[in-house]
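Trainee: Sequence:
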Amino acid sequence: MTESVIVQYIVLCLAAIAVSGLTLFSGFGLGTLLMPVFAIYFSIEIAVAMTAVVHLANNLFKLGLLWRQADIQVVVRFIIPGAIMAVIGALILTKLSDLPVLASYTIGSRIFEVEIIKLVVGGLIFLFALLELVPSLEAQIKFDRKYLPLGGALSGFFGGISGHQGALRSAVLIKCGLEKEAFIATGVVCGVIVDFSRLIIYGTIFFTRHFNQIIE
764 MTESVIVQYI VLCLAAIAVS GLTLFSGFGL GTLLMPVFAI YFSIEIAVAM TAVVHLANNL
824 FKLGLLWRQA DIQVVVRFII PGAIMAVIGA LILTKLSDLP VLASYTIGSR IFEVEIIKLV
884 VGGLIFLFAL LELVPSLEAQ IKFDRKYLPL GGALSGFFGG ISGHQGALRS AVLIKCGLEK
944 EAFIATGVVC GVIVDFSRLI IYGTIFFTRH FNQIIE
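All residue numbers for the sequence shown refer to our numbering, where the first residue is 764 and numbers rise by one.
By construction, these hints were calculated from the structure, which means they are not laboratory data. Among the hints, a few may not be true.
As a list, the in silico EDC-like pairs of lysine to aspartate or glutamate whose alpha-carbon atoms are at most 16 Å apart [as the list claims (entries may be wrong)]: (1) Lys881 - Glu895; (2) Lys858 - Glu878; (3) Lys938 - Asp907; (4) Lys938 - Asp834; (5) Lys943 - Asp834.
Whole structure, please, built from the sequences with the hints as guidance.
Mentor: Structure follows, in C-alpha cells:
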C-alpha cells in the first residue's frame, strides 16, 4: 500500500467521522459535506454511492439511540412515496453516468472532463449547500403537514439522484409539530429507508460496474 493511498484512507475516515458527528445534532448535512470529499478521489457516481453507505451507517447508529421517539404515522405517510422516488432518482443517476463526455481540458499533466452527471450533481450540491448556509432561504421552503407525501417524494428523489435528502426532509417534518427528539428520530427512520432503497440500485449497478476501482 503506497503512502498516497494511506493518506487517502486517513482523509476519508477523518472526514466521515467529523461529518457524522455534526449531523447527529442537525439531522442532515452529511451528503452535502462528505460527498465532495469522496469525489476528490472517485468518480461522481461512486462518490454518491459510497457516501450513501456512510450515510446509512450513520443513520443506523442514530436509529439505535432514538428509534423509540419516532412518529410512525408521519414516517409511513412520508416514506412510502419517498422510497419509490429514491429508487427512481437512483436509476436516473445511473443513466446520467452513462452519458458521453461533453468536453475535456488539461491543466498541467492532468486531464479533466466535463460530464452531465458532474454538472447535475455539482448544481445540486451548490443549491443545497446554499440552503443550509443561508437560513433565510431555507426558511422559505416549508411544507404543510398535508403535503407530507409530496415532501417525501421530493426528498427521496433528490436523495436518490445525489444524496441530498435531509434538508427537504427537515423542511417537511418541521411543520408536523414534533418534539425535538421525535423530529430527529422520525427523520432518521425515513433516512434509513431511503438509504436502503437507493443502495439497492447503487449496489446492483455502480458497485458491480466499478468494483475494481473501489477496492484498489
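Trainee: For the pair we were handed, Lys858 and Glu878, check the Cα-Cα distance against 16 Å.
Mentor: holds (12 Å)
Trainee: Given the hint that Lys881 pairs with Glu895, does the C-alpha gap stay at or below 16 Å?
Mentor: With Cα atoms ~21 Å apart, Lys881 and Glu895 exceed 16 Å; violated.
Trainee: Below or equal to 16 Å on CA atoms is what counts here, so check Lys938 against Asp834.
Mentor: holds (13 Å)
Trainee: Hey, Lys938 versus Asp907, does the alpha-carbon distance stay inside 16 Å?
Mentor: holds (6 Å)
Trainee: Does the alpha-carbon distance linking Lys943 and Asp834 stay inside the 16 Å limit?
Mentor: holds (12 Å)
Checked against the numbered hints given earlier, the structure breaks only hint 1 and satisfies all the rest.
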